[in-house]
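Q: Dock chains B, C and D against the given chain A, drawing on the hints supplied.
Chains as they are written, first to last, in the working numbering: chain A, 60 to 423; chain B, 60 to 423; chain C, 60 to 423; chain D, 60 to 423.
Just so you know, the hints here were simulated from the structure itself, not pulled from any lab data.
Heads up, none of these hints are tricks.
Below, computed lysine-lysine pairings styled on BS3-like, alpha-carbon distance capped at 25 Å:
1. A/K289 <-> B/K119
2. A/K119 <-> C/K119
3. D/K119 <-> A/K279
4. A/K289 <-> D/K119
5. C/K119 <-> B/K289
6. D/K289 <-> C/K119
7. D/K190 <-> D/K62
8. B/K190 <-> B/K377
9. A/K119 <-> B/K289
10. C/K279 <-> B/K119
11. A/K338 <-> A/K279
12. C/K119 <-> B/K279
13. C/K289 <-> D/K119
14. A/K119 <-> D/K279
15. B/K119 <-> C/K289
16. B/K119 <-> D/K119
17. A/K119 <-> D/K289
Protein chains: 4
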Amino acid sequence: MAKRLKICINTGGGDAPGLNAVIEAVTMAAYNRQWEVYGIKSGYAGLLNTEEIIQLTPEKVYGIASLGGTILGTTNKGNPFMMPVCNAAGECEQRDLSDRVMDNFRRLHFDALVAVGGDGSLDIAHRFAAKGMPVVGVPKTIDNDMGGTVITFGFDTAVSIATEAIDRLHSTAKSHDRVMVVELMGRNAGFIALNSGISGNADVILIPEIPFDIDKVCEKLMENELRGHKYAIMVVAEGALPKGGDVITKGAAEPGRQHVILGGIAEYVAKEISQRTGKDSRSMVLGHLQRGGSPTTFDRLLSLRFGAAAVRAIEQGKFDHMVGLQSPDIVLVPLEKALGMQKRVRVDGDTVLTGRDLGICFGD
Amino acid sequence: MAKRLKICINTGGGDAPGLNAVIEAVTMAAYNRQWEVYGIKSGYAGLLNTEEIIQLTPEKVYGIASLGGTILGTTNKGNPFMMPVCNAAGECEQRDLSDRVMDNFRRLHFDALVAVGGDGSLDIAHRFAAKGMPVVGVPKTIDNDMGGTVITFGFDTAVSIATEAIDRLHSTAKSHDRVMVVELMGRNAGFIALNSGISGNADVILIPEIPFDIDKVCEKLMENELRGHKYAIMVVAEGALPKGGDVITKGAAEPGRQHVILGGIAEYVAKEISQRTGKDSRSMVLGHLQRGGSPTTFDRLLSLRFGAAAVRAIEQGKFDHMVGLQSPDIVLVPLEKALGMQKRVRVDGDTVLTGRDLGICFGD
Amino acid sequence: MAKRLKICINTGGGDAPGLNAVIEAVTMAAYNRQWEVYGIKSGYAGLLNTEEIIQLTPEKVYGIASLGGTILGTTNKGNPFMMPVCNAAGECEQRDLSDRVMDNFRRLHFDALVAVGGDGSLDIAHRFAAKGMPVVGVPKTIDNDMGGTVITFGFDTAVSIATEAIDRLHSTAKSHDRVMVVELMGRNAGFIALNSGISGNADVILIPEIPFDIDKVCEKLMENELRGHKYAIMVVAEGALPKGGDVITKGAAEPGRQHVILGGIAEYVAKEISQRTGKDSRSMVLGHLQRGGSPTTFDRLLSLRFGAAAVRAIEQGKFDHMVGLQSPDIVLVPLEKALGMQKRVRVDGDTVLTGRDLGICFGD
Amino acid sequence: MAKRLKICINTGGGDAPGLNAVIEAVTMAAYNRQWEVYGIKSGYAGLLNTEEIIQLTPEKVYGIASLGGTILGTTNKGNPFMMPVCNAAGECEQRDLSDRVMDNFRRLHFDALVAVGGDGSLDIAHRFAAKGMPVVGVPKTIDNDMGGTVITFGFDTAVSIATEAIDRLHSTAKSHDRVMVVELMGRNAGFIALNSGISGNADVILIPEIPFDIDKVCEKLMENELRGHKYAIMVVAEGALPKGGDVITKGAAEPGRQHVILGGIAEYVAKEISQRTGKDSRSMVLGHLQRGGSPTTFDRLLSLRFGAAAVRAIEQGKFDHMVGLQSPDIVLVPLEKALGMQKRVRVDGDTVLTGRDLGICFGD
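With the rest of the complex left out, here is chain A (with noise of 0.2 Å):
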């Protein structure tokens, strides 16, 4: 008979549709093989401080893959081996708590841990791992940029998000003869803005892998207007770079994931156009409405796979391995190998190549 195993699961990073899914499943699956599942809340915070985790049931998950958010929390309260440490004069330095965790883990009897996560959590995942921490990882990213996956959950949703919100702009855009500049989520890929671009059949798509120039969109406006389309959408990933120049979103702390409240890409692109081209130009920044509030099904589906997959890896004894997705099948990938990779939209991709063909502007 099959040992009783007791696993534990943490999300980390930023919110993805998708996340609860992967809970659910996780805690059905191990349910399932009469193991006991924990939740552990704030990320790592909770095997620092014990108290913050909880058991999961059948119960407690019953239908929350419907849902947004996560029942788990996924403010990482910072990495465990680079933990911020304040005394009571208020003076702070970085501490390695990293065995505190490994022995909370070992002195629990936790057979393994789940991690849910982005490029960061995952690499935390990976270094526990080093120190024997037996961990199978589930990838998460809106923004598609991760290896070793050919999706993660939470993109599909998010463009169906930024191409819905695309579609209700045409028309306002169209009865004022307008430009709207719109700004996508991506970091420093552009996947959110190509697909929801080409989806929502947008005049102008600007992303960082094709460096633009200001004048060839201005063009590509001016030649629309002549053939009597007087308005324009224009999709600009939040990472979209002008050609030979400076980052442009001053003021972002993190370059990029930030909504810049004094001027992002979108904005600045506005500005340009209006000037040079004395079109009323605006620009809207999508933000948060991109990764918040229930996945659509393709997600749900995706992140349940994900989560009964990463039970399956534990019972197999294949850790420091993260789940993904080889369309049709479900893969394990050496976290070190995953972590390596960082996918970029490639420009001779055959989704460029159908933007090009349907008359998108790129800018260059």
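A: Relative to the frame of chain A, chains B, C and D by itself:
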């Protein structure tokens, strides 16, 4: 046998989901009476330049009720009673071209005009009625601030989109213990913010009808914090104002309606909260997402009912009136009376009371 | 200082989107008055078996307004005034257990009951009021056939789901030149069929209020065919009846409401059309899809307003009444009066007229 | 300078969300190469009767990617290799009219055909390729049962619609302690039922690839009952079969695909469960709702990529191939090879394993 009339329809002002449904209903109701019906493009401009008039047929309008935008264009190219006219030297003056509109209307043998628009457009319609044009109005405003009707089309869609956005912001605000301040449309009325704030489970709602005290808002957030509710969703109407304060949205050519890039009320509120409470606060302006795209089923039906009722009003010779909803009936209201009424949120009405009962803070 | 009341709430009858929002609003409005509030499970059964009572707290209801179903269960386990009671030998009789309910209500020191339900449940509530129970009703029916209120929650959701389904059927009916007959709910009223049929661009709508002549329907389809419109969408209310005909839904224990597997009105109509016109005709019963799942924003808000108004009614000592919408206000209506009114589609009302104006055939 | 080609496109077989997006992409990709592009209506019929050919322009296809249906009509009016031809006396015979199609194709100076269709239509395309027509296929099936591509457009939409329906059924099944049996499409494959059943939290999933034992299903339901889970959602693929049993869907001219009014597999299963367990069981057939209407964003993008890739294939002279998705790339697959492969759910694949891990019963 009834006379076969020849009628026309125009749509003026900003975009509102449901415009195409009104056009479909007017076209079909006229067609089924064996009338002719024409669409005047770009507001009244089509009656100055008669090339901008198209015949509407069942084929042209089939199925457009579910589509956003308007097949007639909503850009008002000016008020015919005060039309900017420029000479070759670039010198412009305002001229009253209303007689030319009247001449064209008669020369084309139109028996009636269905004017779809907000208070501005309906005021123009009323002035043309005074000059002898048989006109029936259809009220249009997503802001729900027009008198003479319980509700207008576009409002239910705007509230639904805003609520869905608020729903999505909960999970990400929660996972980062953050205060999210969302700015919604409404001009000088708080209907969109109030209805979507309550539906979307907001912690704070600020509307023009209830001037707010920023300290009261901060108190509420700190109380929530003490009860373990560390994040907050705040919904702010674009026209919201602090008690005894000046207008905040500097730089807005048209106060309220525009997305003021250099700072709107939401940005102001987020900054104040950040400074006073130390909480991580972000603002976002939902903007044009609220007014574009497909109408909800509610708005589709209301628009179809409005359009058909306008044609019945023409049949009955009931001019200088607009259609309006007095649930569950469509009624006819004299334009003069409707234009004299502006709706605001009733501070002691049951919707505000519902908000208070739910524990929502209005900042007063 | 106001007395701290102890109130309870139950939900009876079939599912309706918005039930949880009523529960959330009642709970929060009571909590914010520092009252205690309890949920009685399974209709009145919880007052026969007091183990089925749970305390409702802000934590338990947080965010449930957007979820379908009801956390209290809606299965009526019988009417306490005529409760089936069986002995060990399996012999059953109906007994009046209403006094036991009254005793338990008093023994638990409840000050008031919020009864959420349809005409059946509210009739029971009214009888308990006559026995001295302080009760406030909240009307619930997706069919919109209750008097005393312009509309009830769940109806907007049902119409929206039905319209979306009709939208989807167009493209497939068109690509196969097919007649699609969709059967919708509504008991003896045609509101859902009428509103979604108009919104969804149906060619034919059959409702109980307008008995139909199948030959008229066939004529319409053949006329369409001649005009090149070869497919058709027909919307049929479950209670629709042919002129002078018998009831068609044989085998229905409860006429109308049930999905009658051995043949319902839609199947009957599809067969008749097939035989008379030779056109490929298919029927489908939308069934429970119309009554489950998340409420629309409209229904969320209406339900929250109803719940909060019920608590204010208790505060004011206004019992034996139900809340109702008289747009834009929530009013209180004596239960006796509301129960005596049943709503039907007004055959000469503007919604039916709109349908006729659009060219929709009602079979008369 | 490249030759300016003249190409055409047809769509064959049943409706699938995304058809219009393929047409838009083919049109735009051709237009941007300064090619001419024509749409052939009603499958191959347009090449028999050349009046059914329309020129496609950017104006005609602008924005159609988000609309359901197909602007070209999908009704196959027969296979040109075996076309029914009838004389005045009503005597019909099948004739091979493929040479007439070839003649018209050449006479109109077409350089290539993009054939969008399922296995039937692509088989015809392959036979025309053998006769010398330069043809590129685009695979279309909502059932996901075609080889040579990881997925086809329409499938993601079908799974999403089915999942949303299942979501809605939970609350009403729960409130009545009922077993709901939903029949989904898929022909002889279980992909739609499997994916939406897992995403929608079904208790039981029956698919053709796993013959079921009704007693195993009943056991599962009774176990659930004992654990307090009194209602159940069962998802049944139209092609599901009992172990060792005969085909159940009597009366189906084309087994599986048709909505068999006299009884389909869901009705059979519901009856059996009712009889064996005494539980209130209902069946519903989701039917055409799964295949009509607007595509999901996923399907829009995939369709656009397929359409653009088909034009690039023509440019490269790569005929008698079809486009296919090998994530993340679009590839070209010889039609002969693709037609020889049929996909079925892999019984030991990770999706079925995920279902088992979640505790879903497959009846085996």
